[in-house]
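Please build the complete structure, drawing on both the sequences and the hints.
Each chain, letter by letter, is given below.
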Amino acid sequence: MNKLRSGPIVLLTDFGDIDPFTGILKGVILSINPGAVIVDLCHKVPPQDISCGAFMLDTAMDYFPKDTIFCAVVDPGVGSSRRAVLVETCDYFMVGPDNGILWQAARRNIIKNVVHLTQSLYFLSSISQTFHGRDIFAPVAAHLSTGIQPSALGDPGGELTRLVTDEPAHVDNGLILTVRHIDTFGNIGLNLTWDQFKPFLDKGFCLQVNDKVITGYYQNYASAPEGRPFVLNASTGYMEIAVKNSHAAAMTGISRHDKVLLTAK
Amino acid sequence: MNKLRSGPIVLLTDFGDIDPFTGILKGVILSINPGAVIVDLCHKVPPQDISCGAFMLDTAMDYFPKDTIFCAVVDPGVGSSRRAVLVETCDYFMVGPDNGILWQAARRNIIKNVVHLTQSLYFLSSISQTFHGRDIFAPVAAHLSTGIQPSALGDPGGELTRLVTDEPAHVDNGLILTVRHIDTFGNIGLNLTWDQFKPFLDKGFCLQVNDKVITGYYQNYASAPEGRPFVLNASTGYMEIAVKNSHAAAMTGISRHDKVLLTAK
Amino acid sequence: MNKLRSGPIVLLTDFGDIDPFTGILKGVILSINPGAVIVDLCHKVPPQDISCGAFMLDTAMDYFPKDTIFCAVVDPGVGSSRRAVLVETCDYFMVGPDNGILWQAARRNIIKNVVHLTQSLYFLSSISQTFHGRDIFAPVAAHLSTGIQPSALGDPGGELTRLVTDEPAHVDNGLILTVRHIDTFGNIGLNLTWDQFKPFLDKGFCLQVNDKVITGYYQNYASAPEGRPFVLNASTGYMEIAVKNSHAAAMTGISRHDKVLLTAK
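Protein chains in written order, with our numbering: chain A, 3 to 267; chain B, 3 to 267; chain C, 3 to 267.
In short, the hints are calculated from the structure, not lab data.
Be a bit skeptical, because a hint or two may be false.
Since the list can't tell identical chains apart, any single copy or any two copies may satisfy a pair.
With a straight-line Cα cutoff of 16 angstroms, these simulated EDC-like cross-link-like pairs (lysine to aspartate or glutamate) come out [as the list claims (entries may be wrong)]:
| hint | residue 1 | residue 2 |
| --- | --- | --- |
| 1 | 68 | 93 |
| 2 | 46 | 19 |
| 3 | 46 | 185 |
| 4 | 68 | 90 |
| 5 | 246 | 51 |
| 6 | 114 | 69 |
Right under this line is the structure:
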């Protein structure tokens, strides 16, 4: 049995859970490294939503041990000319399509090395046109976990493809924000950091969400009143809209990618 | 690499699966104990439903090995004054908020020791107001799995918060029961044990479920007729209403927390 | 601690994820073999759909290492006279109900030995009428993983129950196909292999799906035009209908088990 030489292999995909896709990735990995420790980060990235996958990777990364291998597969361009890459950062390894999904997290952890994955010795022997998670990314992550050097996996990869991130848009007296994510509890994740929100909070703020106006800020769910949407500094480092013991998105009729307006009073 | 000194760490939450929350818990645990064995018990406790989480923990507990560490996080009071606790029972360790989720299972396995988790040395270095699963409960479970003594994790914790459980209500000639859970197959879980049901079965029973009257009892799904709801002694030790190869909850129009009336003929 | 003597134990069920059922299987396994490596293949086989489970097992099997133990539980006949079996094939072990779920995969990998699981020493001490996954199949898989010989687990098992598979039906100038599965992305899986499709592709084909006519074939999603359903050779080895960056099943109004007509031009 091979000995594990790395941190865990962490899987992030849009594969969902009604198919055996993620189970197959694990079979491929354990066939190469029977001692691999495999962790599911999330498999419900909305289909083909590279930005959402990139955001999840970025906000989760720091909680994993040094030398973790992230295998991030949201890959609408599978089978096309988009490259397969490995990124070595200060603390981690990341494997996936070069479509932007890795960029945000890799840049923050500082990119040391990018490898264009061309060495088919480390792929499955037969490569499909539609499932490179199984045929390329999982095998490469597994080989890496056995101690194969990044440089052996391909050619110098140059620059990573950047992701166009959705920043708040400035308007008179405020910001137009985008709903980035609705979580399990119905909390509405915004593309607004605490530092961006702070000046509005200090002056008194007004957040327009469809026909509702939100002016309350609380530090946690328990201290808020029932039934009234409020703003909260979420555990991701970004602001969210929540309703105590209730589903904020359903209550406000808001969906992913919708816009909300933040102004100072 | 630290050596695993405990049974597995078992996670039970209402975090769902569309976010990276449960993956992050695992990253935190493996950062502290790279050799930890982590098992997902269930992450689809209905949001904030402490009773449902407590029931799952209680009915699943006995199937895990001695020294398993259960980390149960259904925590609507996160960030408030509710305590974080560790319970040591005859066979197990349980970590979670002291809001009742641990009580039912801990009491049944016999409580030996309660620790109020106050020793921040064993938390993450930065504690959010909204995600103590990540910042407190997972790290404490991980440290415990490396052999840290319960007494090192905080102060003597006194009594656990009790859960108000939903017992059948007595009425003339019968019992008013509560629907506790609808499972994946549509089977309707009742708050009625075999011992409570037995006298009704012996005399002939009548179960009123919305506009349907159920009088059949079968020992398994296969021996029941198609299309007719019946009563069954479920694998949890509680009675359930099922329909062979069909979805009993949809067929009877029943939902979680609804009431049904059991009478003797 | 027992030493792992086998490949991983791979779980395939229709248990879903809103209950603690799959977590309980893992508790049972780790109680018997604390060193077992457990992999979830899929737990969202549609309830009681033996054919779908058999198809998943068959298409996923080859990606797992030699000596993997598959524990496949889609078991509408639980508690009835259907047998519990272990199958030893060239490369693998398979444990489950003898209702056809194992047959397709086992036959392809070549069946060496069938054992009728009768040796209750290797079951849980108390056997329910409704949850043999927990009480029989998981414990047997776990004991097998510790090195117990198949022959010790029961009696010679004779023939496996065969599955009636849904083959394309021949009609004038074409084939009537069945929709076998809709995946997470909305891709429509057909019961049609590449070899069966090839003659139609060579002559020019026409696929009638409800009121839509599909004539396009592409090798991957990226090379197809947006908004138009097309045929693709899926990663399973079977043909599928897809729409680039969209949900083909929703767009065509098709469901599992529906029929579509393939003709040559």
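Structure-based check of each hint:
no. : hint       : in the structure
1   : 68 <-> 93  : within (5 angstroms within a copy, 33 angstroms between copies)
2   : 46 <-> 19  : both (8 angstroms within a copy, 7 angstroms between copies)
3   : 46 <-> 185 : both (11 angstroms within a copy, 13 angstroms between copies)
4   : 68 <-> 90  : within (12 angstroms within a copy, 32 angstroms between copies)
5   : 246 <-> 51 : between (29 angstroms within a copy, 13 angstroms between copies)
6   : 114 <-> 69 : within (13 angstroms within a copy, 39 angstroms between copies)
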